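Visitor: With the working numbering, the residue at position 201 of the sequence shown is 192, and numbering never jumps.
Be aware that a few hints might be false.
Pairs of lysine-lysine, DSS-like flavour, derived with a Cα cap of 30 angstroms [what the hints assert, rightly or not]:
#: 1; residue 1: Lys227; residue 2: Lys183
#: 2; residue 1: Lys262; residue 2: Lys183
#: 3; residue 1: Lys4; residue 2: Lys262
#: 4; residue 1: Lys255; residue 2: Lys92
#: 5; residue 1: Lys183; residue 2: Lys255
#: 6; residue 1: Lys92; residue 2: Lys23
In short, the hints are calculated from the structure, not lab data.
On a predicted model such as this, the values are computed, not experimentally measured, just so you know.
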Amino acid sequence: MSEKTDHFYSELKKAVESDQLVLPTLPEVALKIREAVESENTSAQQIAETLTQDASLSARLIQVSNSPLYRSRTPIEDLQMAVTRLGIHMVRDLVISLAMKQIYQATSDVLDKHFRQSWNTAVEVAAICRMLATTVPGLNPEQALLAGLIHNIGALPILVMAEDDDDLFNDSDALGKVIDELSSRVGALILKTWNFGDSMIEVIKEAHNFSYDHAGTANLVDIVQVALLQGGHEPKEVDWSNVPAFSKLGMDTDVNVVEIEENKEIIENTKQSLLV
-8 MSEKTDHFYS ELKKAVESDQ LVLPTLPEVA LKIREAVESE NTSAQQIAET
42 LTQDASLSAR LIQVSNSPLY RSRTPIEDLQ MAVTRLGIHM VRDLVISLAM
92 KQIYQATSDV LDKHFRQSWN TAVEVAAICR MLATTVPGLN PEQALLAGLI
142 HNIGALPILV MAEDDDDLFN DSDALGKVID ELSSRVGALI LKTWNFGDSM
192 IEVIKEAHNF SYDHAGTANL VDIVQVALLQ GGHEPKEVDW SNVPAFSKLG
242 MDTDVNVVEI EENKEIIENT KQSLLV
């Protein structure tokens, strides 16, 4: 690193260690929905009533409920029907996924370019994650979708802080090195402040550690790693045959499932549902 980049790196580490780094927050309605779902006595009507507090999120949920991903013979016309049809747990994960887009709203044109790039990567990885999860018993597609969306969330506060450092902000290689080095740590901090569970925090910590292995069946880290590699979103050269995630998912490393025509359509439908 250059002396200036090294200085930024030190300042960022100091901000992380002293809890001074400004972290993004989830929209209030998404937090309320999550809390409500975790309460045993919550009804579909109560979830629907909470959703009405955010008109934009409500409209997007109904739109996604009627998308090719979830479409049934009877169109969903209101929030209570959406919650009843999809189930409160699926609605919780979908609402958080849809709300994530609001976190990527930048305060300047320069930052907006970086944020859009990060969001587009997150959406593409998430869409592949969801497709992969539908083929693996025991993995929830909506949880996999959310795991893909949050895998690079740690880059956002780093980009915000780097905006004040013109030399670094305009040096994509140097900025990329700082993000690679610290984004998992920052991302884990964000998820802890959002009270996310250990499985999602593990995604943040291990997504780019391709020697990661564990006992038992496939988990969300495995899904995200395969999505990153098969989607072409991992900048480093990685020998797929040495990545345990593939065998955990029962996948042949010689086959790129993302290139299969049927899967392309599923992935595209998922991307469109997140980009509405």
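Visitor: Does each hint hold? Answer for all of them.
Guide: Status of the hints after comparison with the structure:
1. Lys227 / Lys183: 28 angstroms, holds
2. Lys262 / Lys183: The given pair, whose Cα atoms are some 27 angstroms apart, holds under the 30 angstroms limit.
3. Lys4 / Lys262: Roughly 34 angstroms between the alpha carbons, so the hint for Lys4 and Lys262 is violated.
4. Lys255 / Lys92: 22 angstroms, holds
5. Lys183 / Lys255: 34 angstroms, violated
6. Lys92 / Lys23: 17 angstroms, holds
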